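**Q** Guided by the hints, dock chain W onto chain E, whose structure is given.
Given next are the chains, with one letter for each unit.
Number of protein chains: 2
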Amino acid sequence: MEMDSSNQDKSSGSFSCITAIPGKFKAKVVEFTEKTKKIGQDDPRRIAHSAKVGLALTLVSFFYYFRPLYDGFGQAGMWAILTVVVVFEYTVGATLSKCLNRGFATLLAGALGIGAEYLATLCGEKGEPVLLGILVFLLATTSTFMRFFPSVKRRYDYGVLIFILTFSLVAVSGYRVNQIIQLAHQRLSTILIGAATCIVISIFICPVWAGQDLHNLASANIEKLATFLQGFGDEFFSFLGDECSVVASKDVKSFLQGYKTVLNAKATEESLANFAWWEPCHGRFKFHHPWKQYLKIGVLVRECACYIEALSGYINSKPQVPSEFSIKIHQLCVKISLESGKALKDLAAAIKNMVHPCATDTHIKNSIAAANELKSILESSSSLAKPDLQEIMPALVVASILIDIIKCIEKISESIHELSGKAHFKNNANSTITPEKQQQKQLLHRGIVKPINDANCDRVAIEIHGTCEDNSSKK
Amino acid sequence: MEMDSSNQDKSSGSFSCITAIPGKFKAKVVEFTEKTKKIGQDDPRRIAHSAKVGLALTLVSFFYYFRPLYDGFGQAGMWAILTVVVVFEYTVGATLSKCLNRGFATLLAGALGIGAEYLATLCGEKGEPVLLGILVFLLATTSTFMRFFPSVKRRYDYGVLIFILTFSLVAVSGYRVNQIIQLAHQRLSTILIGAATCIVISIFICPVWAGQDLHNLASANIEKLATFLQGFGDEFFSFLGDECSVVASKDVKSFLQGYKTVLNAKATEESLANFAWWEPCHGRFKFHHPWKQYLKIGVLVRECACYIEALSGYINSKPQVPSEFSIKIHQLCVKISLESGKALKDLAAAIKNMVHPCATDTHIKNSIAAANELKSILESSSSLAKPDLQEIMPALVVASILIDIIKCIEKISESIHELSGKAHFKNNANSTITPEKQQQKQLLHRGIVKPINDANCDRVAIEIHGTCEDNSSKK
Chain E
1 MEMDSSNQDK SSGSFSCITA IPGKFKAKVV EFTEKTKKIG QDDPRRIAHS AKVGLALTLV
61 SFFYYFRPLY DGFGQAGMWA ILTVVVVFEY TVGATLSKCL NRGFATLLAG ALGIGAEYLA
121 TLCGEKGEPV LLGILVFLLA TTSTFMRFFP SVKRRYDYGV LIFILTFSLV AVSGYRVNQI
181 IQLAHQRLST ILIGAATCIV ISIFICPVWA GQDLHNLASA NIEKLATFLQ GFGDEFFSFL
241 GDECSVVASK DVKSFLQGYK TVLNAKATEE SLANFAWWEP CHGRFKFHHP WKQYLKIGVL
301 VRECACYIEA LSGYINSKPQ VPSEFSIKIH QLCVKISLES GKALKDLAAA IKNMVHPCAT
361 DTHIKNSIAA ANELKSILES SSSLAKPDLQ EIMPALVVAS ILIDIIKCIE KISESIHELS
421 GKAHFKNNAN STITPEKQQQ KQLLHRGIVK PINDANCDRV AIEIHGTCED NSSKK
Chain W
1 MEMDSSNQDK SSGSFSCITA IPGKFKAKVV EFTEKTKKIG QDDPRRIAHS AKVGLALTLV
61 SFFYYFRPLY DGFGQAGMWA ILTVVVVFEY TVGATLSKCL NRGFATLLAG ALGIGAEYLA
121 TLCGEKGEPV LLGILVFLLA TTSTFMRFFP SVKRRYDYGV LIFILTFSLV AVSGYRVNQI
181 IQLAHQRLST ILIGAATCIV ISIFICPVWA GQDLHNLASA NIEKLATFLQ GFGDEFFSFL
241 GDECSVVASK DVKSFLQGYK TVLNAKATEE SLANFAWWEP CHGRFKFHHP WKQYLKIGVL
301 VRECACYIEA LSGYINSKPQ VPSEFSIKIH QLCVKISLES GKALKDLAAA IKNMVHPCAT
361 DTHIKNSIAA ANELKSILES SSSLAKPDLQ EIMPALVVAS ILIDIIKCIE KISESIHELS
421 GKAHFKNNAN STITPEKQQQ KQLLHRGIVK PINDANCDRV AIEIHGTCED NSSKK
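Here the protein sequences line up with chains E and W, keeping their order. The first sequence: position 18 = 18 (our numbering), numbered continuously. The second sequence: position 387 = 387 (our numbering), numbered continuously.
Next comes chain E alone, as it looks inside the complex:
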């Protein structure tokens, strides 16, 4: 003990090094635990998904454990495990897509493989491997090339892969295995059992619907742009020092970052739309829900996000000694920004609650009116005192970009109206009574629906068994 302390000075370098390793290790473990916690908290469905995969695997492994099942399928039970591991995806759509692709590709390629095998046996013992080799080469080459077709890649990529695999296995292994039909039957049934296990667990235990995710993503992205525009309105006018903007400036960072994720949402949106195409009707989504329309909306939303990116550079551009003219322009910019934000908020809420957007047009009209007022002020500017261009330039640029944003929002609104029509969104109370409306009213009388009067909208929001969220509660 004494020696240790006497040597402490000399060996302090190596000593700290030794204590640093467990310290570092501890830090790593803490970091890892926090990361794990965060990933789980961000989306608790991930934990459920992991458990679902574990459950599916445990279920199919019964093929090996129980003698009656094992006697029926033998080593082919392996294919059930393989199918579950490879096919079980996060969303129902992705799982279904892989299951159906795997199933049909296996059937088709199996049949073709047996045909090729039969054809090859006609060529004699020497010709058989040559013909089979040529067939495998040709089929693998053309199928691989097919995977470069965008339409094939989007939906049937996995199917083509399994097609090549199964054809090669059947055609080639058939050369040795005589009971090819029995083998094919065993494999097919185990693959079917594996796939069915995945589908049932995926759909009936905490399902993650790609369609629902796409729907929520579209709404959330529009909401993010709305938050930016509303925050920008406050922030841009803050040089007058009103209190409300001071509060808002604390959250500047969060709303400044929000729109950036919108810019990169394309890949996620496209894969979700592809998976949603495979899903059966679920929740509020019918079988032929117009998923493609979400992609169109996505393109417009990203265009709008681009304008916002250009706008974000002006968030802190405030005139030093604002002239009356400059204040007027600023005020109008703020009005356009706030009204545009409200229009987008309404559109986001309309998608979220699947109701026809009702207040959007009013907000768009308000922002257009403000833009027109701005234009007329600029026109009449030559009759006023000479403006200091350097001072008002940022405001002019902001105004101009905001006018572009209004145009963009008009397009988004149009696109969402189209979606509303195609997907039969509920109408608001102002419109004429549709058959669906009548049905809702009947439901109302039967006492399972509670009406909520939204002051802004004068709409009757419907809440059925807790599946439909109402936006009025968030206001």
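These aren't lab readings, by the way, just hints derived from the structure by calculation. All figures in this text were calculated on a predicted structure; none of them were measured in a lab. Keep in mind that a hint or two might mislead.
Identical copies go unnamed one by one, so any copy, or any two together, can satisfy a pair.
Heads up, simulated DSS-like pairs for lysine-lysine below, C-alpha to C-alpha not over 25 angstroms straight-line [stated by the list, open to error]:
(1) 411 x 422
(2) 292 x 35
(3) 153 x 35
(4) 153 x 38
(5) 422 x 352
(6) 296 x 407
(7) 292 x 28
(8) 153 x 28
(9) 260 x 407
(10) 260 x 296
**A** Just chain W, lined up with the frame of chain E:
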């Protein structure tokens, strides 16, 4: 014949329907052929890749055809075919990533599986399936959850999948198959043979390097922005009716579309960078080439593309009766736009030829000078005649966005200088002589390098064995 013609009027509907089917079919076939041709022409490496997959499959199917090989491996030869189909990807990096992931995951999971199996046998006949079931469930659940970690998903996603698969197969099948070690040995060797076949064919026959593609993509994206800015300069000033801009306006559509693809390049860039990480040194790329730096450049380039998106709305905004003041602003905007375009062109060429960017700073300085001139004109505007705000507003907005673009280009230039430093790009002739330079000079004397004097750049470009392209030939 006569009856046909007499009935023609009556049956014209069904008749045209019958002829329409082969017509429609023919049209479909023609369309399909053209599509196939286009996909092949767009990137002829796709045809080569398809043939490579066919070749690899044919090679590994020899396991079944030839008795000596078949006797050694038996049905395990199937795993070689499975490995080739699943592992062979378009780029070398992706193939290597899958092969290494598969290899290590199989080894690790195999060892763990045997351990689990041994542990389970200690629990007696009744306890064995229970313990194995619990182990499979726990391992599958935690591994599946690991796949949600971004760092795992990026590089080891496939490895984790194979890990779950192999562990389940080994642990579960071990319950029946006694010669588990021999089976594992057979499977491992066939998987190794399949993977080795893929790697060799992928690297040595028309290799598609993800790194090279990422490098080219970065250069091409910057080039697209440059083309837009240069075209925009011409187009924006075309209200004066000079001939050169009339010629340019024909290509408006093509350069207007170019930058749009840049906005959506994120997903491609990221996957290429991930695959490039796995690739050995090749061509002009060393082992530790800074692939991450390309992603940083990509972010900045997309930001710039966003500003360009905002700019593109003003491409046709020309004043009706341009005042002298307006023309002056326009002229300066055009100058900024052209110089920015040249700066980006130089940066794109620098990446492409892997030389240190040399003329960029001059062009950036020129555009900053023009921007400053513009600012001073705006400052002095109050002393001039009163400007018509409505008329000059588009030009002001364009000027302001262009100034943002200059800032963005400065950042891109900085980032490319960083890349140039990390990746040891060649220096130009102006700089001090580095050891590499000295080596190049020695090569020059040995007569295998031909010097090309670029008038703009005063740089000595090096061409070694035709692997290095020179941009001066494209000018």
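**Q** How would you classify residue 153 and residue 28 at a CA-CA limit of 25 angstroms: within, between, both, or neither?
**A** between (40 angstroms within a copy, 19 angstroms between copies)
**Q** For the identical chains here, do residue 292 and residue 35 meet the 25 angstroms Cα criterion within one copy, between copies, both, or neither?
**A** between (35 angstroms within a copy, 23 angstroms between copies)
**Q** Between copies, within a copy, both or neither: which fits residue 411 and residue 422 at Cα up to 25 angstroms?
**A** within (17 angstroms within a copy, 45 angstroms between copies)
**Q** First find the shortest C-alpha distance between residue 296 and residue 407 inside one copy, then the shortest across copies, and answer within, between, both or neither for a cut-off of 25 angstroms.
**A** within (16 angstroms within a copy, 32 angstroms between copies)
**Q** Within a copy, between copies, both or neither: where do residue 153 and residue 38 come within 25 angstroms Cα-Cα?
**A** For residue 153 and residue 38, only the inter-copy Cα distance (16 angstroms) is at most 25 angstroms; the intra-copy one is 33 angstroms.
**Q** Which holds for residue 260 with residue 407 at a C-alpha limit of 25 angstroms: within a copy, between copies, both or neither?
**A** Both ways: residue 260 and residue 407 sit 20 angstroms apart in one copy and 19 angstroms across, limit 25 angstroms.
**Q** Reference check for the pair residue 422 and residue 352, CA-CA at most 25 angstroms: within, between, both, or neither?
**A** Close inside one copy (16 angstroms), not across copies (48 angstroms); limit 25 angstroms.
**Q** Taking 25 angstroms as the upper bound on the Cα-Cα distance, should residue 260 and residue 296 be classified as within, between, both, or neither?
**A** This pair counts as both: shortest intra-copy Cα distance 19 angstroms, inter-copy 15 angstroms.
**Q** Tell me, please, which holds for residue 153 and residue 35 at an alpha-carbon limit of 25 angstroms: within, between, both or neither?
**A** Between copies only: 14 angstroms across chains, 34 angstroms inside a chain, cut-off 25 angstroms.
**Q** Treating 25 angstroms as the Cα threshold, decide for residue 292 and residue 28: within, between, both or neither.
**A** Only across copies: residue 292 and residue 28 sit 24 angstroms apart there, 44 angstroms inside one copy, limit 25 angstroms.
The earlier numbered hints are all upheld by this structure, with none contradicted.
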